[in-house]
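**Q** Could you build the full structure based on these sequences and the hints that come with them?
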Amino acid sequence: MSATSSTIVNLPDQRTARLPKRNYINNEDGLLSWLFTGDHKRIAILYLISITFFFFVGGAFAGLIRLELLTPQPDLVASDTYNKFFSMHGIIMVFLFLVPSVPATLGNFLMPIMLGARDLAFPKVNLLSWYLYWLGGLVILGAMVMGGVDTGWTFTTPLSTHYLNTHVVTAAMGVFILGFSSIFTGLNFIVTIHRMRAPGMTWFRMPLFVWSHYAASILMVLGTPVLAITLVLVALERLVGIGVFDPTKGGDPLLFQHLFWFYSHPAVYIMILPGMGVISEVISTFSRKRVFGYTAVAFSSVAIALFGFFVWAHHMFIMGVSNYSALVFSLLTMLVAVPSAIKIFNWAFTLQKGSITFETPMMYAFGFLGLFTIGGMTGVFLGALGMDIHLTETYFIVAHFHFVMVGGMLMAFLAGIHFWWPKMTGRMYPESLSKLAAVTTFIGFNLTFLPQFILGYLGMPRRYHAYPPEFQVLNVLSTAGATVLGVGYMLPLLYLGWSLKYGAIAGNNPWQATGLEWQIQSPPLTENFVEIPVIDYEAYDYEWLAHKTANEVTTVG
Amino acid sequence: MDNAIVATHPHTHETAVHAEHEHVSLPQHRHHFETEDQQREAATFGMWLFLLTEIMFFGGMFFAYLLYRNWYYDAFVVGSNQLSIPLGTANTAILITSGFFMALAVWAAEVKKRGLLVIFLILTTLFGIAFIGVKADEYHEKWEKHHIPGASFDVAEFVNPHAYGLKEQPLAPDMAQKVQIYFFLYFAMTGMHALHMLIGLGLLGWLTWRAYRGEFSAGYVAPIENFGLYWHFVDIVWLFLFPLLYLINRHPLH
Amino acid sequence: MTEYHDPSNVVNPEHGEHHIVTPAIYMMVFGTLLLFTALTVVAAYIDLGVFNPIVALGIASFKAVVVILFFMHVKYQSRLVKLTVGAGFFTFLVLITMTLSDYISRAWGLW
Amino acid sequence: MHISPVLWEFLVKWLNNSALFPREASTIAPYADALYFFLLTITMVGLVLVGVLVFGFSIRYRQSRSPEATQVEGSTLLEATWTIIPLALFLIVFVWGALLYFRIYNPPTNAMNIYIVGKQWMWKAEHPGGQHEINALHVPIGRPVQLTMISQDVFHSFSIPDFRVKREVIPGRYSTEWFEATTPGTYHIFCTQYCGTNHSAMIGTVTAMTPDDYAKWTQESTSGMSLAQNGERLFASMGCNACHSGSAAARGPNLAGVYGSKLQLTSGSEVLVNDAYLRDAILNPSEHVTAGFAPIMPTYQGQISEDGLVDLVEYIKNLQTNYRVQQTLTTLQSNQAAPTTPGVVKP
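Residue numbers (this note's numbering), protein chains in the order written: chain C, 24 to 580; chain W, -7 to 246; chain A, 8 to 118; chain S, 35 to 381.
Incorrect hints may have been included.
[To be verified] Going by beta-carbon spacing under 10 Å, a handful of chain W positions derived as facing chain C:
id, residue
1, A34
2, G52
3, P141
4, I191
5, F232
What the hints contain is simulated information worked out from the structure, not anything from laboratory work. Model, not experiment: these values are computed from the prediction. A virtual CB, placed ideally from N, CA and C, is assigned to each residue, including glycine.
**A** Here it is as structure tokens:
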């Protein structure tokens, strides 16, 4: 049925195909049935719409920042406004987009299905998490509308506590609330993975997507509360002025940074680990092959989560931490880089002896591999003590974390969205247009952020509103790239919307993938499975799939 | 629906689950759980994970305490000596008693004794309220002595204790300022603890009402059990707060 | 594959026994807690030098362990719950020790 | 294709005035760059390796050439390879980076000292000779310069990219960095830690000069009073000499020659007296009571600016004998006009 031999897409006959009569989307009608739903799939869709909204709000700020940096002079907006732009960009992108991006959308949608369960362990808590997300989001938007906040997303004391008169407390409360949203998501995942697996679904039969979410969930549960209490202390310090973080009253401003980064470094892994899970699924599916070294990839996720708690002070090497402590943290940082390297090579070797096709998700995944390699390696630059002195707080670090977060995480997110779009909506996206979008994103991304590495080594500091004129050429390149990147992100929004009505009917398993989610109808039933499946095959077992398909054919025939 | 699920692998369920527990279908059973045991364990596990976040939540403040206690030990001694040991000890005993009744309430729910359950829950609540009352009294005293951190904080009593009839050594003015950090941590930690107590008391009222209506008398005890975990956790926090805040260097100075 | 329909997969291997703790045990725990509360107050009045805070924390930890094991039923729970409790305190220790590694060594040597 | 000469000229000029690699203007810069190029090489090799694997496999095993996948479970040998080789490389980077770190933050003993006070949003440089600069710093080449830095308000960060040095300027605590400029010229100073509204305006230039030019500049731009002289005046006006009079019966310890010595404190610990200690002892005296003295010194927190503290620290650093202290004391008590001898300051 496939059009050419270079694709594995296997769609049902479009003349007769219909979406399933009963599915989670048309199970109940009306807005209220969505707002009070307990169904993890509907909550995932709610989350998807919400984070898309916030992504474009945050993206608009990014556009304004790049536009301002087109010229060396501070000419487009005033300094305060610029500072508010990058603060809002950071807060929105980190807390409202990156942290919940894959877990709350794809994770929510797929986790129970992949485990063979009917729902997450606590559906109401899941819905509560979405409402907290919006509450936190609205508080942050409120802070923005009332006049903004200009602390940067890091809320560094004593700047945030004593030297700014913007809406710091409001924004901090927004982030505090979002923290609980994230905690509830993580908590739900952990309990679901431990308690809701279908009969036969052993730990080492779980897809790597689940493993990476498990690792990320541990970080969410254990890390986030420390951020919460830190922000409470910041708010109290600001409101009452008691001086835990105020050096003039005997407090230590570095204590704030220790507590802040204790969460915010693991938060980086909260953001990237689920993306890695997506990449494992995509690469395996489109090379028709089990992920190379399944156990190594699974354990490297857990290793990243574990080591992730031991390295936070590498954000503070020049901040006045003890030199001995800096040594320890630098060494541990080098150790945490290893599991990521392991994953990269395992993914590359998954391709070996496969039967590879190049659908859109695979193209995004290839983009991820390249960009994440660069992002990860530049992390080693910053983990090396002496190199960090010159590179930190410059555009090098901006480029580095955008390579990991945007080049890595956002690529993975888009790969995942395209990959599971047929499952979520029952319809295919337009293939050639989406390939164009993938290529555009890749080119735009590199054009935007590669020049920033050079700018960083030249010494251009981050969060600068104006800069010396000799940096202009590279900044112009970067802004040009951002324009291309913006187009690359707008395209999916348009054609995915279009596909909701006009896309080809996808059928149960357009990719002929092995995951449990592909063995049920698309879009799935509200209860996912008519009967809870009994799992008697390993993850990524393509021979099992071929066997099953053959059996179906004979039964039907 | 349950029957349909069980039917997919009847032999294992029959042997492993039904042999151990009598299978009673309760109205509280949620459709996505296969068995009530699974649901119950999921709830307990989820509650424990939530308590982990609470450990880390208080953990941040405990670390701040550890750091500043080492830096400004003299100020912490003076600040601690401002607190009343009788009140602190009484409150510890009150809280332990409240926790004890909570544990008994869980027992009463498990053995399905509705009357006892309601009585124990009410006793738990009463002791909880007593704790908050004592705490409020202590806070009030600090308010009157201008020991609440902030603009009105007054160090006179620490710089010149003899004028206030105290027998402690006077603190140097720079160290006396650091007593404010002690009191901030005191209020932040006990305040967060008291906030957890208040939330707990609210939940207790609701649970008592539900228990009175007999919702927990048929074997469905997860809310009582999980609330018990929460209440005991709040106890544990206090078990650490009491020695750390009240009992710094209480022995007579020589 | 031989492990098809392995019962240990169907029935969760982390499944714990459900156990009802009797009031007698609660009474004993209650008595212990009150006793140790008195003990910690008495200990605070005795000058033990550096051991004062250690004794105070030791007693508090003991009381916490008793509460966790009996009031919170961890003694009767599955290994998973025990591990979870352990993980919480472990992470707390990571926070404390790793941060202290900075504060303790700041005064070492001067660069 | 024809490019308009005007446009061409514009482009050439534009590109000529832009930079792609920072100048190496300090003794440390080549060391930093060496590590940078090593890291770049690893990155390139890694990237090429991943690229070759991904594209090679994609071409070799694309579906039209390899219609059926061969299932492979994994390979312990390969896993070990790409665990151990990156680990070894990263450990080399760690050691190299640590060595560089200590090279950058370990000032040589013969370094000349300049104080930097950061505040929203300017840099103040205070030379011991009494030259004050704002958003500028003049240094000689070929001589190690140590910066003792402190912030009056929030975190700042003093960065000179062409020297490859940078360090956080912290409120309430001295931090130091050092460099030795090699090439005369002017270089950027950036505040790299976000510090509020005019963060991007908190910039300046460091001018590296030949020793002769530097000597000339020092002569021309002195304010007439050295930091130590300012400090001496403060020492008197704040009444420090009432207790730190240097006499045996004084209520405060003798400060002459105290800098650089090891001091026994009442708390039992022994500390090295450096700039940071002196500053902290003025602000938080009760934590730094010298053995044998009563904790009677009041705190000067909030009564003295960071600049004043720098002056005082510099004064105490330079106190080799009690002569000065007693001079000021006499002057103060007798309320006489200031002596006219150069170097002694009006009260």
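**Q** Does the nearest C-beta of chain C fall within a distance shorter than 10 Å of the C-beta of W/P141?
**A** holds, 4 Å
**Q** Take the shortest C-beta to C-beta distance between W/A34 and chain C; is it under 10 Å?
**A** This hint holds: W/A34 lies near chain C, its Cβ roughly 4 Å from the closest one there, short of 10 Å.
**Q** Does W/I191 hold up as a contact with chain C if the rule is Cβ-Cβ below 10 Å?
**A** Because about 13 Å separates W/I191 from the closest Cβ in chain C, which is outside the 10 Å limit, the hint is violated.
**Q** Per the CB criterion, is W/G52 less than 10 Å away from chain C?
**A** With Cβ-Cβ at 4 Å, under 10 Å, it holds.
**Q** Is the interface hint for W/F232 satisfied, with its Cβ closer than 10 Å to some Cβ of chain C?
**A** Hint violated; W/F232 Cβ to chain C Cβ min 15 Å, cut 10 Å.
When each numbered hint is compared with the structure, violations occur for hints 4 and 5.
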